[in-house]
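**Q** Each protein sequence line maps, in turn, to chains A and B.
Residue numbering for the first sequence is 120 to 449, as defined by the numbering used here.
Residue numbering for the second sequence is 3 to 347, as defined by the numbering used here.
Honestly, the hints are just simulated from the structure, not real lab data.
Wrong hints could be hidden among the right ones.
Straight-line alpha carbon distances no greater than 27 Å define the calculated DSSO-like cross-link-like pairs of lysine-lysine that follow [claimed, not checked]:
1. K233/A with K206/B
2. K309/A with K320/B
3. K173/A with K107/B
4. K231/A with K258/B
5. K231/A with K325/A
6. K304/B with K231/A
7. K307/B with K233/A
So these bits of chain B aren't anywhere near chain A, every CB distance computed over 12 Å [what the hints assert, rightly or not]:
8. E32
9. N59
10. K80
11. E85
12. N158
13. V167
14. S319
15. K320
Derived CB-CB ranges, DEER-like [claimed, not checked]:
16. I281/B with P180/A: 24 to 32 Å
17. E401/A with K183/B: 50 to 58 Å
18. M422/A with H179/B: 54 to 62 Å
For clarity, every value in this text was computed on a predicted model and none was experimentally measured.
Where is the CB? At the ideal position from N, CA and C, for every residue including glycine.
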Amino acid sequence: MIKTNRILSFSQAIKEAQTQAMKIDPKVFIFGLGVDKTAHIFSTTKNLKQKFGKKRIFDTPASEQALTMFAAGAANAGMRPILIHQRLDFMVYTFDQLVNWIALWSFKSAGKSKMPLVIRAVVGRGWGQGPQHAKCLHSMFAHVPGLKIVMPSSPSEAKGLLLSSIFSNDPVIFIEYRSLYNSKEFVPQKPYFLDIDTPNLRIKGKDFTVVSIGAGVLTSLRASKILEKNNISFDLFDCRSANSFKMAKIFNSLKKTKRLLVVEDGWSKISFSSEVISRVVESGIKLKSPPSRIAWPNSHIPMSTKLEKNFYFSENEIVNKIKNQFINTL
Amino acid sequence: MQKSKLLKIYKNFLKIRLCQEKIIDKYHPEDKMKCPMHLCIGQELMPSVLGYYLKKNDSIFSHHRSHGYFLANKGSMKEMISEFYGKETGTNGGLAGSQELSCTKTNFYSGTILSGAFAMAVGDAFAKISKKQNNISVAVIGDGGMEEGITFEAINLAHLMKLPVLFVCENNMYSTHTNIKERSRTSLVSDRVKGFRIKTILVKNQNLYKLDHILNKTINNMRKNKEPVFLEILTYRFNGHVGPEGDDHFNYRPKKEINYWKHRDPLVKLEKLINSQKIIKEIKNDIIKEITSSFNFAEKSKLAKKWEQFNFNNGYSKAVKSFYKKRIFFSSKQEDHKPSSGKPY
Ligand SMILES: Cc1ncc(C[n+]2csc(CCOP(=O)(O)OP(=O)(O)O)c2C)c(N)n1
């Protein structure tokens, strides 16, 4: 176990992962709209051009489709591209490239070809981003075989998962919630790798099993602090990936707690939370109360401040749900 | 034209033609190649001449009408036919069929969803520059594929970034059964591309000499100067759009037009130039032997068994292998998660 006292923000952690990856391997390069300018993708690409030159990080025309195939062509030829979209919504242009080409590249070559690329995409979530700038489509991507959907929940997770994604031989869609960029955490300095497919037990508890991913993990952590006062605690699993996570640890936890809540920052229908709940149901593990979830309403996202605020859940909803279920099933 | 070059181009051409004629013979009666196929009989000239100029580590990204490019780029006929049979010895392990034929060994890739491969060549060319290889990438497409927006994005990117991509558009005037005049008021694709100020070339009438001359000059130039070029060749598909049977009973192409192009079959011209029945016969025999042994190989091979495991590679880069062993384990639960207060930023 490594201990560290160095605190980084989520965006600093991502920048550090990219910087280290570019140092380790000259085949790593970064491109996308505005990656080397002004806001530097929430400061995650700041100074990289000075360090590595314009051949390793470059701005592009607004041609998401061709850029995605550009990444595919370069990855197939042995490079390790990182393509960045300032909003995940822009990526919808590239469904053909992802679904008809990138996702099946390894499959249709019978394992002879590889597609080691990373697509970083930012979820707008909050501050009036509205219906075209705040969608989170991880569940849609997660449906397609051959893609790995990674959703970091904190700075230390972001660094390790991004390094793993960059050096993985599979295509990774790396989804970052904008609301996390300023969250802070201790982060080890050396490059390290985290296992994309193994959920991380973020906190240990006794009464509940909470499964989450991305920003939902932080909201759940906040809920746990409140519930401490009521002497209620839970195991919190950060699934890390929206589609390649393994269930073993979660099943073990459920055998102990017998209560399940899935917390997801995304639409609830046909989703990550649907998947977790159905796998638990299929496992036959007997629960004391029906499995439940907290996720976004099945509606497009309103811009107006008050409506928007009500659209997203906070730690209070988690606290209430857990309290109610817990008290009802004691 | 030098004799040796002429013979090589002829061999390429004849191989593509005869191999596909064999496929037509066998497809229905035997019903063992159960996958859609887009044959390129009538359009062999471009791949045959291009094949002559490609070097090791050059790559081709082709549209669905790909057999000619696969074979001309030194792809193994055995593996191609086995692929059509769905055999494990197929170039894609029997998982892709004709529509997405590819070969990692020869840098040949294709796909049947319009226009994706065309744009992929641009990223491939970027990789070649990054790795300081003196190679080119070829992107092949039809006139129909050139109607997808991604093609213009790709041409712009290649031009902007000065990447050695040879864009080839085989304009056979039809997208499935729809004439180009029903699809656009500019029936020359190169006219639409000119606005990017990328170098464009138009080759009419299946003109062997002109095509050879242009490719010779252009490809040499591209290796030196690292600039993309857009080449449009006017050509004609002799068979149906898809499958072994003709589709002219649907009357979507005028008889006069069909006859015009069939009378200009480049194969006739090539054989006239060689002007020796003896040589032609020798070459033909060799090719027929290769075809027979390819089909035998495919017949004898086992049907594909492995599939699911190929969805993911699950491996990691060699660059971090040693480093990966020393991976750091730490548990974030030991650390204090300190969310910032106030606005996200
Ligand atoms: C995105 C997409 N739309 C439609 C099709 C169906 N389709 C397959 S081939 C084809 C015609 C393409 O014509 P062209 O590019 O000129 O090539 P040709 O078949 O003439 O060689 C069409 C429309 C497809 N494969 N992909």
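**Q** According to the definition I'm using, a residue is off the interface if its beta carbon is farther than 12 Å from all beta carbons of the partner; does N158/B meet that for chain A?
**A** violated, 6 Å
**Q** Hint check: K231/A vs K258/B, CA-CA at most 27 Å. Holds or violated?
**A** Not OK: K231/A and K258/B at ~46 Å, beyond 27 Å, violated.
**Q** Is the claim that S319/B lies outside the interface with chain A correct, judged by CB distances over 12 Å?
**A** violated, 4 Å
**Q** Is the Cα-Cα distance between K233/A and K206/B 27 Å or less?
**A** It is violated: about 38 Å lies between the C-alpha atoms, which goes past 27 Å.
**Q** In terms of Cβ atoms, is chain A entirely out of 12 Å range of V167/B?
**A** At roughly 10 Å from the nearest Cβ of chain A, V167/B sits no farther out than 12 Å, so the non-interface label is violated.
**Q** Has the given pair, K173/A with K107/B, been kept, meaning a C-alpha gap of at most 27 Å?
**A** Violated, because 31 Å separates the two Cα atoms, which is more than 27 Å.
**Q** Please confirm whether E32/B is truly not at the interface, meaning its C-beta sits more than 12 Å away from all C-beta atoms of chain A.
**A** holds, 24 Å
**Q** If we take the beta carbon of K320/B, is the closest beta carbon in chain A still more than 12 Å away?
**A** Violated, because the least Cβ-Cβ distance between K320/B and chain A comes to about 9 Å, which does not exceed 12 Å.
**Q** Would the non-interface assignment of E85/B survive a Cβ cutoff of 12 Å against chain A?
**A** violated, 10 Å
**Q** Is the straight-line distance between the alpha-carbon of K307/B and that of K233/A 27 Å or less?
**A** holds, 20 Å
**Q** Can you confirm whether the C-alpha distance between K309/A and K320/B stays at or below 27 Å?
**A** Holds - the C-alpha atoms of K320/B and K309/A are around 19 Å apart, at most 27 Å.
**Q** Could you tell me whether the CB distance from M422/A to H179/B stays inside 54 to 62 Å?
**A** This hint is violated: roughly 47 Å between Cβ atoms.
Violated hints, in rising order: 1, 3, 4, 5, 9, 11, 12, 13, 14, 15, 16, 18; the structure is consistent with all others.
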